[in-house]
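Number of protein chains: 2
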Amino acid sequence: MAPVKNTSVKEERKEWARAQRQERIIGMAAQLLAKCDIEEITLEDVAKSSGYTIQNLYQYFKNKDDLFAAVLLKKLKVMYADAESAVERTTLGIDRIITLGDKYVDFCLRNKRYFDLQMHFERKFCAYHKLTAKKTRGDFIVQCQGVIDQVSDLAIDAIKSGIEDRSIKTHLKPLHLMLLLWAQMLGVIQVITMRQRYFKEIYELTSEKFRRDFKDSIQAYLSSGQGK
Amino acid sequence: MAPVKNTSVKEERKEWARAQRQERIIGMAAQLLAKCDIEEITLEDVAKSSGYTIQNLYQYFKNKDDLFAAVLLKKLKVMYADAESAVERTTLGIDRIITLGDKYVDFCLRNKRYFDLQMHFERKFCAYHKLTAKKTRGDFIVQCQGVIDQVSDLAIDAIKSGIEDRSIKTHLKPLHLMLLLWAQMLGVIQVITMRQRYFKEIYELTSEKFRRDFKDSIQAYLSSGQGK
Chain A
151 MAPVKNTSVK
161 EERKEWARAQ
171 RQERIIGMAA
181 QLLAKCDIEE
191 ITLEDVAKSS
201 GYTIQNLYQY
211 FKNKDDLFAA
221 VLLKKLKVMY
231 ADAESAVERT
241 TLGIDRIITL
251 GDKYVDFCLR
261 NKRYFDLQMH
271 FERKFCAYHK
281 LTAKKTRGDF
291 IVQCQGVIDQ
301 VSDLAIDAIK
311 SGIEDRSIKT
321 HLKPLHLMLL
331 LWAQMLGVIQ
341 VITMRQRYFK
351 EIYELTSEKF
361 RRDFKDSIQA
371 YLSSGQGK
Chain B
151 MAPVKNTSVK
161 EERKEWARAQ
171 RQERIIGMAA
181 QLLAKCDIEE
191 ITLEDVAKSS
201 GYTIQNLYQY
211 FKNKDDLFAA
221 VLLKKLKVMY
231 ADAESAVERT
241 TLGIDRIITL
251 GDKYVDFCLR
261 NKRYFDLQMH
271 FERKFCAYHK
281 LTAKKTRGDF
291 IVQCQGVIDQ
301 VSDLAIDAIK
311 SGIEDRSIKT
321 HLKPLHLMLL
331 LWAQMLGVIQ
341 VITMRQRYFK
351 EIYELTSEKF
361 RRDFKDSIQA
371 YLSSGQGK
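Those protein sequences? They're chains A and B, same order as listed.
Quick note: the first sequence uses the numbering used here, first residue 151, plus one each step.
Quick note: the second sequence uses the numbering used here, first residue 151, plus one each step.
Hints are not guaranteed to be accurate.
You can't tell identical chains apart in this list, so a pair holds if it fits in one copy or across any two.
Claimed, not checked - Distance condition first, Cα-Cα at most 30 Å in a straight line; then the derived DSS-like pairs of lysine-lysine:
id, residue 1, residue 2
1, Lys-185, Lys-225
2, Lys-224, Lys-253
3, Lys-359, Lys-253
4, Lys-198, Lys-359
5, Lys-319, Lys-359
6, Lys-310, Lys-185
7, Lys-214, Lys-274
8, Lys-323, Lys-350
9, Lys-350, Lys-310
10, Lys-323, Lys-212
11, Lys-350, Lys-227
12, Lys-350, Lys-319
13, Lys-274, Lys-350
14, Lys-227, Lys-253
15, Lys-198, Lys-262
16, Lys-198, Lys-185
17, Lys-160, Lys-310
Source of the hints: derived by calculation from the structure; they are not laboratory data.
Working from the sequences, and respecting the hints, build out all of it.
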């Protein structure tokens, strides 16, 4: 039997302990985020609640945005896995893109603060489709961007397959159509989160009905082949 | 000749001077807003730059939001007048609603900080269609809401006339269709403001092309009569 390399086991144990601590901090930040908006949370709050100092935190995250990107990343990965498996159960391209949209809207409405986080990073770092990661950004922001690109690719593939099986009629490039659909979806999500409370009183509307109206409008647009 | 009522002239002069001062403060706040976001501006900044104390400011505005609502109100009124006259030059209902959308997108893109202001009030006060003004809000916020309701009414009228002249085919109530179109438009405006810088590099797209794609998609949806 070869002699056990004590140093490498030690290294491995250190790496494991480091990862455990990082996880603990991410979990604490997620708990704080369940209670208040990111703007209201300081690194000090996270340090205090997890029993570390701010200096400790900086050993694991580049800055506050990097830490909260790690929080978002976990949720994004779950959303991606969910969307991917839902898409596998569809056959027509148009059903695939509609299902994807549904999953995304579900995710954003059920996780309002995570949607806000996403928008926060969008505004601040502009996570673009396949834009080479800038070194100045934290690692977790780059990773979030990666997952968002994966989701975008699912949407682009769905559109391509819809064009092929003729369930989607469009003159737009799949990438451009994806961006347009995502934009419209963002607006719908925001109007629901901003005005939902008064939907019934003012509009005699429910958010379910509003989502259905939106879905119908997209379905009509994609299958009509109009919009020269 | 009746004797001049000195007291009433005095009152009128006081009222005039008060309005002048209020205008001065609104103008100063607008100038600051041209340079930075509302979150970065304090009432103290506005007081300093207009030569008043914060106490003075409170004689004219309930709070910071009320002051910036006064700033927004001026722009909104101009936008409304512009939209109204543009609509008068159209005949078909579908052209009216498309023209209105165009004017609104123009306004928001050309006045990015005013768009942000609008969203700020939306999130905070939820200005709803015809929701009775709450007394706790500042006067100017209520007035902004009034102008936004006027714009919404223009859109609803355009949809109604489109249904009548058969250029718009829909099974939705005009109020609901208006809300849906507005939501989609908000998303498109946001994606343009957030990602425009990289449109060319990443998407081989211009914001003009993106707006056109959006317009085409709405036109296709409204005239297709699909979306059961």
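Each hint tested on the structure:
| no. | hint | in the structure |
| --- | --- | --- |
| 1 | Lys-185 - Lys-225 | within (16 Å within a copy, 36 Å between copies) |
| 2 | Lys-224 - Lys-253 | within (16 Å within a copy, 41 Å between copies) |
| 3 | Lys-359 - Lys-253 | both (16 Å within a copy, 28 Å between copies) |
| 4 | Lys-198 - Lys-359 | neither (44 Å within a copy, 50 Å between copies) |
| 5 | Lys-319 - Lys-359 | both (25 Å within a copy, 19 Å between copies) |
| 6 | Lys-310 - Lys-185 | neither (41 Å within a copy, 44 Å between copies) |
| 7 | Lys-214 - Lys-274 | both (13 Å within a copy, 25 Å between copies) |
| 8 | Lys-323 - Lys-350 | between (38 Å within a copy, 14 Å between copies) |
| 9 | Lys-350 - Lys-310 | between (38 Å within a copy, 22 Å between copies) |
| 10 | Lys-323 - Lys-212 | neither (37 Å within a copy, 50 Å between copies) |
| 11 | Lys-350 - Lys-227 | between (34 Å within a copy, 29 Å between copies) |
| 12 | Lys-350 - Lys-319 | between (35 Å within a copy, 25 Å between copies) |
| 13 | Lys-274 - Lys-350 | between (34 Å within a copy, 19 Å between copies) |
| 14 | Lys-227 - Lys-253 | within (13 Å within a copy, 39 Å between copies) |
| 15 | Lys-198 - Lys-262 | within (25 Å within a copy, 38 Å between copies) |
| 16 | Lys-198 - Lys-185 | within (16 Å within a copy, 37 Å between copies) |
| 17 | Lys-160 - Lys-310 | neither (50 Å within a copy, 74 Å between copies) |
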